[in-house]
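S.K.: Each chain is listed here by its residues.
There are 4 protein chains.
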Amino acid sequence: MEILKVKRESNVNSYAKAFPTVFESSEGDILTDHLGKTYIDFFSGAGALNYGHNNPILKKALISFIESNAVVHCLDMDSKIKEVFLENFDSVILSPRGLNYKVQFTGPTGTNAVEAAVKLVRKVTGRKKVIAFTSSFHGMTATSMALSGLMENQHAVNPSQDVVFFPYEGFLGKTISAMEYMKLMINSKGSGVELPAAIIMETVQAEGGVNVAGVKWLKELREFTEQNGILMIVDDIQAGCGRTGSFFSFERAGIVPDIVLLSKSISGYGLPLSLLLMKPQFDIWKPGEHNGTFRSNNLALCTANTALGFWKDDAFEKDILHKSEIISTRLNALRQQAKVVTDVRGIGLIWGIEFTDKSVAKKVADELFSQGMLIEVCGNNDNVLKLLSPLTISIENLEKGLTMIKNAVLT
Amino acid sequence: MEILKVKRESNVNSYAKAFPTVFESSEGDILTDHLGKTYIDFFSGAGALNYGHNNPILKKALISFIESNAVVHCLDMDSKIKEVFLENFDSVILSPRGLNYKVQFTGPTGTNAVEAAVKLVRKVTGRKKVIAFTSSFHGMTATSMALSGLMENQHAVNPSQDVVFFPYEGFLGKTISAMEYMKLMINSKGSGVELPAAIIMETVQAEGGVNVAGVKWLKELREFTEQNGILMIVDDIQAGCGRTGSFFSFERAGIVPDIVLLSKSISGYGLPLSLLLMKPQFDIWKPGEHNGTFRSNNLALCTANTALGFWKDDAFEKDILHKSEIISTRLNALRQQAKVVTDVRGIGLIWGIEFTDKSVAKKVADELFSQGMLIEVCGNNDNVLKLLSPLTISIENLEKGLTMIKNAVLT
Amino acid sequence: MEILKVKRESNVNSYAKAFPTVFESSEGDILTDHLGKTYIDFFSGAGALNYGHNNPILKKALISFIESNAVVHCLDMDSKIKEVFLENFDSVILSPRGLNYKVQFTGPTGTNAVEAAVKLVRKVTGRKKVIAFTSSFHGMTATSMALSGLMENQHAVNPSQDVVFFPYEGFLGKTISAMEYMKLMINSKGSGVELPAAIIMETVQAEGGVNVAGVKWLKELREFTEQNGILMIVDDIQAGCGRTGSFFSFERAGIVPDIVLLSKSISGYGLPLSLLLMKPQFDIWKPGEHNGTFRSNNLALCTANTALGFWKDDAFEKDILHKSEIISTRLNALRQQAKVVTDVRGIGLIWGIEFTDKSVAKKVADELFSQGMLIEVCGNNDNVLKLLSPLTISIENLEKGLTMIKNAVLT
Amino acid sequence: MEILKVKRESNVNSYAKAFPTVFESSEGDILTDHLGKTYIDFFSGAGALNYGHNNPILKKALISFIESNAVVHCLDMDSKIKEVFLENFDSVILSPRGLNYKVQFTGPTGTNAVEAAVKLVRKVTGRKKVIAFTSSFHGMTATSMALSGLMENQHAVNPSQDVVFFPYEGFLGKTISAMEYMKLMINSKGSGVELPAAIIMETVQAEGGVNVAGVKWLKELREFTEQNGILMIVDDIQAGCGRTGSFFSFERAGIVPDIVLLSKSISGYGLPLSLLLMKPQFDIWKPGEHNGTFRSNNLALCTANTALGFWKDDAFEKDILHKSEIISTRLNALRQQAKVVTDVRGIGLIWGIEFTDKSVAKKVADELFSQGMLIEVCGNNDNVLKLLSPLTISIENLEKGLTMIKNAVLT
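Chains as they are written, first to last, in the numbering used here: chain A, 679 to 1089; chain B, 679 to 1089; chain C, 679 to 1089; chain D, 679 to 1089.
Looking at chain A on its own, in the form it has when it is part of the complex (with noise of 0.2 Å):
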C-alpha cells in the first residue's frame, strides 16, 4: 500500500510524514494503527475533533440520521435537520450569550467562511483593505492564505489581495505596544494605511505558536474599531467550540465580534461544516451571492445539532476549566525542570510549550510520536509544542499524556 501511496497521492501531505503510520480505528482519545499500536490524541484533528474521535451520542444520532433517509445533501434548501440545528443553536448558543447573529452557511471549510466574510466586509464598507496579524493563519485559498502572516513566504505566488499586516499583542515585544501602534497608523493621517473594511483575528493564535490575546487588548481593539467604523471578525475556527473554556473565544473578554467565523468541531464529528456569524445589520447578500454545493452539510448538522447538548448546562465548561488546571500546574513545573523550555501558555485546552528551538521541538514529537503519541508543532518558528487534546479527554489518559510529555523534554 505503501509503495501505491507514493505513486498516486501528492508529495503535498504533510502530516502523513509527520504521523508515518497507517490509521484505522478511533474511539474518544485513542486512535489505533494498522498494526494495533495506539496513540492517545493531543492533537484532536487540529481542533476538529473536540468531542473526540466517533463519540458515541454522536454517533448513534448520525447512523438514525442515514438509516431515516433523511435529505443528506440539499445544498441551502430548507430542511428539516437545519431548521431544527439553528432553533437549538439558537437557543442553546446564542440566546443564553445574549447574541443576535444571523447565521450563513458557507462552503464547509474554514477558508470559504473567511472567504465569504472578506467579500462581506468589502461589500458593507466599500472599503478594500483587510487587516491581518502577525503569526495568524486563516487558510490557503488565496484571500485566506493572505490573510495569514504564517504564509508570508507563499504569498508572492498570487496577486496581492489587499492585506495589510499590524503587530498581534506581544509579536513585538514588549517595547512596542501593539494596540498604540494600531491607533497611531490608523488614525493618523499620512501613515499610509487607508482606513480598512475589517481587522481579522484569532483570540487564541493556534498555529501562530498558542498566543492567547490579553483581555485588555481585545476590548480596547473591540472599541477602537467601533469607535472607527472598522468592522471585526473573530476567526474562531479552531479556537471557538469549547477549545478556550467557552463556546466562543471571546466570551472572556465580553466583547462582540461584529462577524464569527465557525468550523473544524462545529460538526462535533470531524465532518465539514462551516458557519459565518454576523450581526443582522450586515447580513446585506442578495441571494446566491456567495453559494457552494456543500453549504449546510446536513451529516454535519446532524452530529453539530447532537452536539449542542454539551452545551445545555455549564457542566462542560467546568469541565474543561479543571482540565485546564491540571495541565497549567504541571506544565508550570515542567518549565522549572526543563532548561529547553523557554515557556509554557495557554488558555482552556489549547496549551503550547516553547522550547529553545525548533530541532528541540521537533525531537520531543517524534520521540511522542513512537511512545503513542499524537501531537504537533507549531509556532512561527516551529518551536512550540501545541497540546491539544480532545475536550472529552479522560483525566486518566490527560495524566498519562502529560507524563509523556514531561519525560520526553526531560530526557
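These aren't lab readings, by the way, just hints derived from the structure by calculation.
Please note that a few of the clues may not be correct.
Which copy is meant is left open, because identical chains are indistinguishable; a pair holds if it fits in one copy or across any two.
To be verified - With a straight-line cut-off of 30 Å between C-alpha atoms, the simulated DSBU-like cross-links for lysine-lysine are:
| no. | residue 1 | residue 2 |
| --- | --- | --- |
| 1 | Lys737 | Lys1036 |
| 2 | Lys1017 | Lys1041 |
| 3 | Lys852 | Lys897 |
| 4 | Lys801 | Lys1040 |
| 5 | Lys1078 | Lys737 |
| 6 | Lys867 | Lys695 |
| 7 | Lys737 | Lys1084 |
| 8 | Lys894 | Lys990 |
| 9 | Lys1036 | Lys801 |
| 10 | Lys867 | Lys1084 |
| 11 | Lys1040 | Lys867 |
| 12 | Lys867 | Lys806 |
| 13 | Lys867 | Lys990 |
| 14 | Lys1036 | Lys1084 |
| 15 | Lys738 | Lys867 |
| 16 | Lys758 | Lys738 |
| 17 | Lys1036 | Lys964 |
| 18 | Lys806 | Lys964 |
| 19 | Lys758 | Lys1040 |
| 20 | Lys806 | Lys990 |
| 21 | Lys897 | Lys867 |
| 22 | Lys801 | Lys861 |
| 23 | Lys685 | Lys867 |
Mind docking chains B, C and D on chain A? Use the hints.
M.R.: Relative to the frame of chain A, chains B, C and D by itself:
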C-alpha cells in the same frame, strides 16, 4: 419554523427561495417534504447526487464504516480508507483509461480545488495570468469567482485576480471562431495578452446554460495549449463522475488535461470531497503548501470508494447512454412543438431547454416545482431549464418527468 | 567621450543604439552630427517635432520669453503665459471645432497624462477596468505600460493594473470583426468582462505599426461607448497636433471623445508639455488630486502658444494633405515594385512600409541611417518602416527622402 | 482673463488657489505679478528653483544654446550636451564623493523616475513588495501615489501596487522605535511581511512636514537593508541638489544608496529633467525597457550642466550652511516667543515651523502672501509652514523674509 429561518438564516440562501418548502427525506430520485409531498429530482444537488439520494449500496457501506469506529477525521494522515480508495481509483478509473495522475485531496469543496489548481499552475510556470472562458462557473472564493464569467457583476468586489476571459466555443455566434480568436491573441506579439500559466475550462458548461463543447474544438484546444506550454485545467466538478456518459467528461475528445478537478459526485453520497489530479511532473508541491482541515474527508472516501463499483464494467455507461437517447428524442420533439423553445442541447444526462426568455423559463420551473419536480434554471440569461436527474433515475420516473416538463412547457 | 558614455549612461537607452553618432545641431528637417554629417529627419523625435527642429518663429518667441525674465517655473500657479495660451487654445483650436473641453496640465510627459486619465475615469465612473487595444502604446509608467499591448512581455513585472485587451480594428484579420467582438463581450451577460470605466485608444496606432482606424469603426466605437456609459479616452499624443492632417486625429471621424490626451508636439519645440482635455462634466478633480512639479512648464507654453499660429487658417492642413498625397503615390508605386513590401499605409504625414520580416526592415533603416536619414522601425513584429517627417518638411527634402527610401528598399 | 481660466482650466489646480494672482516675471528670489506687486520667494517652485529664478549664468548658457541651433529634442540619442553633462556630472559630483553610479535619463518628471526605480528593483530582485514610509510623498502616477503615505485617501482609486508602509523615524513618537519595528517585522518569520524588493525613502521628508531623519537611523537603515538584500532607493527629488547643505541629502550620513532619484532642481532653471542613478550591477535594463519622449531633455541638460559650476568647490556649501544658521537662530528664538509654535526643525535651507493646528498655519501663510511672500504649508496635518527659499537667496532678503514671518506669527 419559517419565522425562525427568517430570523436566523442569512438572506444569501437561494435554493430555499426557488424550492420553498422544508425537505425531510429522500431516496433515489425522489425527495419528500415535511408535508409528505414528493418531488422527482431533476436537479441532483446541482450535480452532487449522480447516484441518487441515499443510494442503498453506499448507505450500507457508510453505516458499516461508522459503526466500525473507523477514523472519520484525520486530515491528510494516511488512513486505511484513503489507501483503499487510492488503490481502487487507480485500478478502476485511471489505469483502464491510460491516465497517470497524482491525486491531491484539497479542502472538500470544488472551489478549494480550483484555488489549489491556480496556485499550482502559477508555481509550475512562473507566470501569473490564467485564462477562463465566457459563461464559466468555477466557484465563489476570490480566485474561483474571478474565473467565473457568470459572476462578472461581482468581480469588482475583490482585487484583480489576474484572469483573462476568452470566448467559449460558440459564445460569439457563428461569425467569430473562438479557436481562431485564441490563437491570434495568444500567438500574436503585441496583443496585450502575455503567455498565460493555464486555461481552466469545463467541457460542458453547466451553470452557463448546458453548453457542450465540440470534440474538434477540445482537441484543438489541447493541441494549442500543449504547443504553447499552457497548462490545461479541466474543471470536471459538475460534468465529471459520469454526468456526460463517461467517468471523465473529456474522454469523448480523447484528450488528457494537465490537471483535472473532481468534486460534487465523487463521494457518491453528497458528502464533501474534492480531488485535484495532476500529471506527475507537476506535483511540485512541498508538504503543507496547500492544506485544509477537512481534506480527505474519510466518510466521503468511504462512499467514494464504494461508488467506484459503478465503473467496474461498461453497464453503467450504457445505461446513461440509453437514458440520454430517451431525453434527446423527447426534447427534440418538444422543440418542434413549442414556439417558446429556442434550442435543446445536451449530452449524457445533462440537458438544457433554452427558452425565448428568462420569464418563460422561470414560469416553467415554478410550475414544475408546484407539480412535484425539482429542476433549476441556468445560463447567462437565466433562460435555460437544466435537466439534471440522477444517473440512476428509473426509466419510469425519467419518462414521467419528461412528460411533466412537456406539459409545463406546452401550457 | 564614448568611453565615458559606456561608463555612465544606463544600458536602457535605445535610440543611441539605433542611431550611433553624437548629434550637435539641427534645423527644420535636418540634423547634423559631431562629424558634420547631415541627416534628413524622417523621425521627428518620435512625433515631438511636427514643426521641425528649432523652428525660427518659435525660437524667436522662446528667446524673447527667456530674455524678458518671464516666470519659467511656477507649477500650476497662474502665469501670464498660461493665461494667454488658454485663451488662444480656446479661440484657435477648440471653439472653431465646436469642442468644449476643460484643460488639465498634467506632469509634462505623455505617460503622466495617461495616468491622470485612468485615475479620473475610475473616479468618475466608480468602475475599475479599462479597456486597451492590441498593438497599443501609451507609455511606460505602471498604468500606461499595462495599457500598452506592445509591452505585454513586461506586464508581469508590476501588479495587475485592471486592464482588459480588445482587438483593434483589423488585428484579427478579416474574419473576426473587432466591433462585433467588443459588442458581444461587453453586452453579453456572463462574458466575464464587467462594464469598464473607459476605453483608451489611438485613432492611428503609431508604435503599433501605423494602423489607421477606419472612420466607420471610430464612429461605431463612439456610439457604442456612449450608449453604454463607457468613457472614451483618445490618446492623441503622437497622432495629434496635425500629424494626421487635422489638429486632432479624430476630426476625420466627426467624433468627440470624453477625454483627449496631448503631448509630444503640443509645445512645438520638443519641450515637455502634456495636456488632458476633458468634457466639463468630468472635471470632478479636487485641487491637488493630481499634481506634479513641472505641470504647465512655461517655456513649453510659450512655444505652444506661438505654434498655434499654424492653425489660424487652413493653409497648413492643405500643405500636409499635399505632402501626404506625394507620399501615397510614391509608396504605392514602390509597393508594386518591391517584393519585400507587403503593405503600405498611412494618413497625413504618418506612413508605414510593411516588410516581409523584421530583418528586412532593420536592414533598410540601417542603410538609410548610413546614407543620412533618421527613420525608425515599428510594429508588433518590428517589420514596419515608419515615415514621420516634420509636417514642415520641404517638398525637396520629402522627395529626396522618398527616393532614398526607394533605393534602399530596392537594393 | 480670470473668467477664461474658470472656464478652461481644470479644478485640479491648487497653487493657483493658494497664491491667487497672475505672475509675470521673476528674478532670483523675487517674483512679480501682473499688477507689479513683488513677492519674496520662500517656496522655490516646491524645490525646483534652488538656484533662483532666471539665474543669469544659466540664462546666458540657455539662450546661447538655443541660438546655436543645438539639438533640443532627440530622445535618448547621443547629443553633444548629454555627453558634456555626463562628463561633468561624473567629475564634479560623483567622483569627488567616491560614488560610482550609472545614469538613466527617465521621463523628465520625478514620478517617472520613481516608477522606473520600482520597476527596476522588481526586476533585479524578483520580489514584488516595496516598503514606503509614513508621511512620504513620491508623486502621483499610480505606483508613486501608492508609495505616498500622504496620499492614503486616494490609494483605493487604483489597484493595489504592492506597497507596505513602515513608520518613519519619530512617526510613532518616542515609545515605538521605527528601526526596531522594521527589524522585527522583516526578520521575524510569520509577520506577514515577506522580504521586500526595496525600501524607498526621503532622508528629509519635505511634503511630510520637514522631518529630518537622524544620521544614526539612516546608517542603521542602510546597514539593515544591506544585510537583508533589500535595495535602498533614496528619493532625492526635493532634498537633493544642495537643499540640505550638500549635493546629495544622504552625504551627511555617509551612506551609499543603491538607487538615487534626482529631479526638480537638477536642471537648475526649473526645466523638466529627471535622473535615476543606480549602482552599476543593477543596470540590468535592456534597451528601451523604460523610455519616454522627453527623456534627456536637452534644454534642461544645458542648464543642468552649467549649474554644476556651483559645486566645483565648497563655497556654495558654506554659504548654505551660513544661511541655515541664520534661520536656525531666528526660528528657535521665535519658538520661545510664540505659543502657537510647537516645533521648529530643519536642515540646510529647508525648515519647518510647526503650529498648534492647521488653521493657524494657513492664516500665517495667507497673511504672508498678502504681504508679498510665497510660502506654503505642508505636513500630514497641514500645520507646518515650510521655508524653502532659493539656496541663492540674498542675506538681505532672507533676513527680511524671516522678519515678515516673525511678524505674521506673532500677530
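S.K.: Give a verdict on every hint.
M.R.: Hints, verified against the model:
Proximity of Lys737 and Lys1036 under a CA criterion of 30 Å is satisfied in neither setting, with 39 Å inside one chain copy and 45 Å between copies. Within a single copy, Lys1017 and Lys1041 get their C-alpha atoms as close as 15 Å, which meets the 30 Å cut-off; across copies the closest is 65 Å, which misses it. When the C-alpha separation of Lys852 and Lys897 is checked against a cutoff of 30 Å, the pair qualifies both within a copy, at 19 Å, and between copies, at 25 Å. With identical chains, the CA atoms of Lys801 and Lys1040 are at most 30 Å apart between copies only, with a shortest distance of 28 Å across copies and 43 Å within one.
For the homomeric pair Lys1078 and Lys737, the shortest alpha-carbon distance inside one copy (26 Å) is at most 30 Å, but the shortest distance between copies (38 Å) is not. Proximity of Lys867 and Lys695 under a CA criterion of 30 Å is satisfied inter-copy only: 23 Å between copies versus 49 Å inside one chain copy. In this assembly of identical chains, the alpha carbons of Lys737 and Lys1084 never lie at most 30 Å apart, being 34 Å within a copy and 45 Å across copies at closest. Only within a single protomer do Lys894 and Lys990 lie at most 30 Å apart by alpha-carbon distance; the minimum there is 29 Å, versus 62 Å between protomers.
Taking the closest pair of Cα atoms, Lys1036 and Lys801 come within 30 Å of each other only across two copies (27 Å); inside a single copy the shortest separation is 42 Å, beyond that limit. Taking CA atoms no more than 30 Å apart as the test, Lys867 paired with Lys1084 passes between copies only; the shortest distance there is 28 Å, against 52 Å inside one copy. Taking the shortest alpha-carbon separations for Lys1040 and Lys867, only the inter-copy value of 18 Å comes in at or below 30 Å, while the best intra-copy value is 46 Å. In this assembly of identical chains, the alpha carbons of Lys867 and Lys806 lie at most 30 Å apart whether taken from the same copy (18 Å) or from different copies (25 Å).
When the C-alpha separation of Lys867 and Lys990 is checked against a cutoff of 30 Å, the pair qualifies neither within a copy, at 49 Å, nor between copies, at 42 Å. Only within a single protomer do Lys1036 and Lys1084 lie at most 30 Å apart by alpha-carbon distance; the minimum there is 18 Å, versus 63 Å between protomers. Within a single copy, Lys738 and Lys867 get their C-alpha atoms no closer than 59 Å, and across copies no closer than 45 Å, so neither meets the 30 Å cut-off. Both within a single protomer and between protomers do Lys758 and Lys738 lie at most 30 Å apart by alpha-carbon distance, with minima of 18 Å and 23 Å respectively.
In this homomeric assembly, Lys1036 and Lys964 come within 30 Å of each other (Cα to Cα) only across copies, at 19 Å, whereas the closest approach inside a single copy is 48 Å. Both within a single protomer and between protomers do Lys806 and Lys964 lie at most 30 Å apart by alpha-carbon distance, with minima of 20 Å and 22 Å respectively. Proximity of Lys758 and Lys1040 under a CA criterion of 30 Å is satisfied inter-copy only: 26 Å between copies versus 47 Å inside one chain copy. In this assembly of identical chains, Lys806 and Lys990 lie within 30 Å of each other by CA distance neither inside one copy nor across copies; the values are 40 Å within and 50 Å between.
Taking the shortest alpha-carbon separations for Lys897 and Lys867, both the intra-copy value of 24 Å and the inter-copy value of 27 Å come in at or below 30 Å. For a Cα distance limit of 30 Å, the shortest separation of Lys801 from Lys861 qualifies both inside one copy, at 24 Å, and across copies, at 29 Å. For the homomeric pair Lys685 and Lys867, neither the shortest alpha-carbon distance inside one copy (57 Å) nor that between copies (33 Å) is at most 30 Å.
Hint compliance for this structure: hints 1, 7, 13, 15, 20, 23 are broken, all remaining hints hold.
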